[in-house]
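A.B. asks: Take a look at the letters that make up each chain.
4 protein chains.
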Amino acid sequence: MGVKEIRTAVKCDFSKPAAEQEGFHNRWHPDIPSIGKIANNEVVKIECFDWTGGQIGNNDSADDIRDVDLTKIHYLSGPFHIETAEPGDILLVEIQDVQPFQDQPWGFTGVFDKKNGGGFLDDIYPEPAKAIWDFEGIFCSSRHIPHVRFPGLIHPGILGNAPSAEVLAEWNRREGELISANSLPRDVAKPPEPQNAHAGGADAELKTKIAREGARTIPGRPEHGGNCDIKNLSRGSKIYLPVHVTGAKFSVGDLHFSEGDGEISFCGAIEMAGIITLKFTVLKDGMAQMGTKSPLYIPGPVEPHYGPGRYLTFEGFSVDEQGKQHYMDATVAYRQTCLRAIEYLRRYGYNDYQSYLLLSCAPIQGHIAGIVDIPNACTTLGLPMDIFDFDIRPETKPEKLDMGSCAFVDK
Amino acid sequence: MGVKEIRTAVKCDFSKPAAEQEGFHNRWHPDIPSIGKIANNEVVKIECFDWTGGQIGNNDSADDIRDVDLTKIHYLSGPFHIETAEPGDILLVEIQDVQPFQDQPWGFTGVFDKKNGGGFLDDIYPEPAKAIWDFEGIFCSSRHIPHVRFPGLIHPGILGNAPSAEVLAEWNRREGELISANSLPRDVAKPPEPQNAHAGGADAELKTKIAREGARTIPGRPEHGGNCDIKNLSRGSKIYLPVHVTGAKFSVGDLHFSEGDGEISFCGAIEMAGIITLKFTVLKDGMAQMGTKSPLYIPGPVEPHYGPGRYLTFEGFSVDEQGKQHYMDATVAYRQTCLRAIEYLRRYGYNDYQSYLLLSCAPIQGHIAGIVDIPNACTTLGLPMDIFDFDIRPETKPEKLDMGSCAFVDK
Amino acid sequence: MGVKEIRTAVKCDFSKPAAEQEGFHNRWHPDIPSIGKIANNEVVKIECFDWTGGQIGNNDSADDIRDVDLTKIHYLSGPFHIETAEPGDILLVEIQDVQPFQDQPWGFTGVFDKKNGGGFLDDIYPEPAKAIWDFEGIFCSSRHIPHVRFPGLIHPGILGNAPSAEVLAEWNRREGELISANSLPRDVAKPPEPQNAHAGGADAELKTKIAREGARTIPGRPEHGGNCDIKNLSRGSKIYLPVHVTGAKFSVGDLHFSEGDGEISFCGAIEMAGIITLKFTVLKDGMAQMGTKSPLYIPGPVEPHYGPGRYLTFEGFSVDEQGKQHYMDATVAYRQTCLRAIEYLRRYGYNDYQSYLLLSCAPIQGHIAGIVDIPNACTTLGLPMDIFDFDIRPETKPEKLDMGSCAFVDK
Amino acid sequence: MGVKEIRTAVKCDFSKPAAEQEGFHNRWHPDIPSIGKIANNEVVKIECFDWTGGQIGNNDSADDIRDVDLTKIHYLSGPFHIETAEPGDILLVEIQDVQPFQDQPWGFTGVFDKKNGGGFLDDIYPEPAKAIWDFEGIFCSSRHIPHVRFPGLIHPGILGNAPSAEVLAEWNRREGELISANSLPRDVAKPPEPQNAHAGGADAELKTKIAREGARTIPGRPEHGGNCDIKNLSRGSKIYLPVHVTGAKFSVGDLHFSEGDGEISFCGAIEMAGIITLKFTVLKDGMAQMGTKSPLYIPGPVEPHYGPGRYLTFEGFSVDEQGKQHYMDATVAYRQTCLRAIEYLRRYGYNDYQSYLLLSCAPIQGHIAGIVDIPNACTTLGLPMDIFDFDIRPETKPEKLDMGSCAFVDK
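Chains as they are written, first to last, in this note's numbering: chain A, 21 to 431; chain B, 21 to 431; chain C, 21 to 431; chain D, 21 to 431.
Chain A with its partners taken away, still in its complex shape:
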């Protein structure tokens, strides 16, 4: 009976690089050694690095964004051995809380250089840019994007169980085929990459294997979730994750203070380090019983919420900016939808990079509206009007405010 503080299952040491700490890893592989056991039905706290492992500073230059080393990202906390979990089970993970570290009350949103990572709109906005966000309790605001302020819908960008050897092989096969067939002038997927692979507590021999075979953490994948970047997989959510190996080998990381649907600038959420509180429950034979091949979840009951009538909503279609008609392409449509919002925000004096950053991280609603009316997919983007401290309704005459600027690369 009585007071009981929750156990912290792994801690971040900010005095040395994440790459040197055994409690973290940055590839998906079944052989990465577990860093500890968690009982069925146990609640633990897990500390997490920000997704760049500390490469980005709280300053007014985007030089660090331009120079980010993408082989070093996503130092995930784990993997954890969840007791009693076996392949075919479902691991039910309840997200009981997510908090930034008390002494790091800030996060960042970046637009990557088109030549180093890029983003959803990099054909149009190829330069690096950055916004720093200060956390004010449940709210955040940015000196780089004035006149907006909103509460966070805080969540992990990544959580998932380790792939089995078979699942990993399938990932490498299908992504390898995509890479092989690629004719676009850009990377379409990232193959295994030994450089800067961090295999946690693996010994040298095992580390070599993992570095050679391990799947990159950038994409989410249907078999286990991973880097889904789902904005409302927030506090109070329950997620049902397929188990592929004994003990599940669960990992988590890439915490976000807030994100907009699509996380369009790639480094697009409000990225932060912090602490997540999770409860683990094993549902035996869950995959068969639920008939599921991919994760599913029930969001939490606590969200920032604006009334339905408080969203200024833009429409976009699968006709690209050169006037080319695409066939039912929701990706093209959503890009157009985002561009319409950026164009609209110019009337208030925001520069396009500020708007691009804002749409990436503010709680915007990106919907598939129509996906059957050939040849045009239609998507919508709902921008919550109440995050602005001025009136953004179309019929209100706009006044240009002093919007300053986001951070750019030093000249």
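Note that these hints are calculated values from the structure, not bench results. Keep in mind that a hint or two might mislead.
Just so you know, same-sequence chains aren't split out, so a pair can sit in one copy or run between any two.
What the hints assert, rightly or not - Each computed EDC-like pair below joins lysine to aspartate or glutamate, with the alpha-carbon atoms no more than 16 Å apart:
hint, residue 1, residue 2
1, K258, D142
2, K210, D411
3, K304, D83
4, K420, D409
5, K258, D409
As the structure is a computational prediction, the values presented were derived from the model and not from experiment.
With chain A held as given, fit chains B, C and D onto it using these hints.
C.D. replies: Positioned in the frame of chain A, the structure of chains B, C and D alone reads:
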């Protein structure tokens, strides 16, 4: 001062075909004659046919769905000349109400034959199917999909102003190019089609021109909106529509009692005939002042609403059902997301066509979750748990209920 | 199979007084003859007069408010015999829809003369006043209270089953005792009143009895509900009503387009005539099984909704305007809370009667906040900021707008 | 630029009694010395004791509840001198966050002994009782009230500025008059009480004065707020507090993890110690400009939220449990409403004290429904159905579950 009933600007005559009534048309063309004037700031009621113009019956056979004539669809009410509207203006349309006809308290949802219209999942579900929905005040339920019931988020599938000759030419150019380049074994767009073209009150010569040039009504298009099929463009919404011709030549139709994001089965909303009440306000020079090329809108403040924690949410990725990896394809991802939901619903005894129909018309939330994590786009589909009269949470042991069947083609 | 329009169980004839129509009555009594049968599980439409039976006009004078005859109010539609209902059952009534008559798209809110009805604040605001509201689809606005507009949360003020003879006797006993003991300079309850009693289709002898014994319709009462004036007992609600006599003898009336918590000006909702669609289901032995003595309900899922952060909220305590401390008196506290809101709204140029009318009928949230901190009860009143077309936040400098005036008595 | 942790303005020392710590006080008086300065626009963290100052233990006995010393309660943190604040100003306080202490993840709800504090229903439930709540991130659950779990709407029960000498004198006058006039067999208010008065850092002489004159902290009061116990004055809220003395002398305390409207069992919220993060902004001459005599607030945008259709709602009227008719008494009505809910919950096996505790602390909605229909006030109580892990809808056949018991006094 005193009581004033709202004027009805056009009425449906159900005693004869829509094609024989001058107040309606089924092509987009600047030369279709206006059927009446509406003053700036006026409120009017407009009667609308269902989108098939009455081809579908309230019965238990999908024969009519199989045999639907798609050249005869979308008899839109209009066009209306909005006084003072000129090209470059924005027409602000407030949707004050939408109601079914009192003596037609029902609607339908169909899965088209893959050979005649098809739908988003027609590779997997090629057969025609149908569900009839009975309206119970604000609610609806279906004898063809038992154990669900939900309130409508009632809205027009189509509204928009006429294209100018230049806009129309652009549509025909770009869609023609797509058709010319097509190598898929399916229609990717619909070119102008003289058969069954209805040009409203046009005389024979003009009708011939319109039939030859007029754009089909199936797709929404960025310049004017049109068939956007946006589920929350419902009562109380304000939509800002670009004006391309003098008088705007506004048309509306294709009323829906409810729709799910994507309207996936194509004939996917709960289709109905009814009455819409609209207020029209001309915003002079609105396109330049708002910096907008496409419609935008603010939804109404009245929606059915479930708490955020009441959506069972499925994830899907751009890996198709053959295991092929696609590059950042939100359309592929959303198809997979839908399939995950259909697979899940099998555990309660629904057949796949019932679930396909349900996802098309119930108020499901289809979100772009992540659109930057190469190579996988991730989309989500939130299914409101409270529309079912049994508990669909994953950890609740399912009981198979008597789910009957949707309507299929007669044997 | 097929189209089926819903049966209308009783119709209003606006060509003659309600008092002359047999389908209506204005007293509660077990012996008022049923005007028709409704089957268990049947859905019907019921037409209703406004609560004054047409005494108030759509004009700019409050003379009719001043002169209203309160013995003539509440012509309820019914009573209906619900088949299979017996004492001890619960009658589950689902409110499927409520609509104004299409040719009467308006309603009224009144402040009664202190000498004829009065209201919650009549010590401070004793004069008659009135506002007319025009319905614009789901919205309403008033020429008498400019710069506000809101969607209705439409509902019946009154619904309930007839009392048994025993229940009626209990009502007359306890209210009689209150009247006998009264030392306040105002009416504290209304005893049976033969004048203008309308007993529906009763013959002369029965009518005399009913007129002598019948309970007035003004108060709600715990045994059956009645005039509860609950603002969110709206479309989609299910209410569970105790049955006291064979056939239930259900009645309904006093439709409201909208109301604020408390309905403070007495004639305080937006009062209207209209049509309500109800479904009736008998739950056998429901009172014992649910352990209930009073009605309970589950509201509908469709409400106008503003985010929680969009309510300007006033606090009030049980210290009256003379500085007298009352003991835990939530009624006194709520009166003070209303006064604080009225005082605040003066800064925008509203006169106090306009604000009084507005608080009565707009969707304000009146909460019991603290009821245990002796000696002060604390209540709150949340005013939705989004119903105003200007910014009412305290830190925004107010501009006085032309607020015109509500209707007063002609000079 | 860069990381900056928020300053903590006062800390709790749990190694000694609150009464011995200078940063806290338990009376309202203008002369209590300020414990520190806070700049205009500054954000600070403030640590707070639970309202009993640690008298209640995390155990299974209500002995401590029975024996609580009510002269020792409400050790408030402060008072703080807010720079630039002068009488007539408004102090705008934004609640940026509230958190329990990390090593005290629990709280308590108590029913006081009728002879020592009592509560809203103490005539019916006079015994002491207790429930301990464990915090699970944003959720809480109790071993004493099984089968419920809900997220907290965390807030301070008390915050306010010091009264001026004049305001304090007015409080003592009017509450003294109430006490003098009292004929009820219970305390109706608490006069100044020297015993256990804690005047913070006051010297002996000043302490004597404060102990003699200082107002008790139990009631909220219209001039400054104080113990308002408003459940949605939670994170993200902005409250506008009148300033009566130079520097405002702001104090805060009595943190609640959750509360139901009315906080009916008096020790009725989920009481906890913790940390509150506040931002202070002085609005010069705010009282005159806002025309306000009492605090007002705008709630935060982040609340647990259930759809409107997920509240089982009880009705109550001003007829008491002896059948006596009261005149328009919302306090009587709300007591009856609470009793209806308690009676209903018996069908699931909860004992009445469990239900009484639950209604006190769960996020129930207590509304003033009708306050004008003489003689009956009508109030409603909305119980969120989704906090239960079983179906509490009336038409679902109840199964009695093992509900254990809340804590009672040891025998």
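A.B. asks: Each hint needs a verdict: does it hold in this structure or not?
C.D. replies: A quick look at each hint next to the structure:
Within a single copy, K258 and D142 get their C-alpha atoms no closer than 34 Å, and across copies no closer than 32 Å, so neither meets the 16 Å cut-off. Within a single copy, K210 and D411 get their C-alpha atoms no closer than 43 Å, and across copies no closer than 41 Å, so neither meets the 16 Å cut-off. In this homomeric assembly, K304 and D83 never come within 16 Å of each other (Cα to Cα): the closest approach is 49 Å inside a single copy and 43 Å across copies. For a Cα distance limit of 16 Å, the shortest separation of K420 from D409 inside one copy, 13 Å, qualifies, whereas the shortest one across copies, 21 Å, does not.
For the homomeric pair K258 and D409, the shortest alpha-carbon distance between copies (15 Å) is at most 16 Å, but the shortest distance inside one copy (34 Å) is not.
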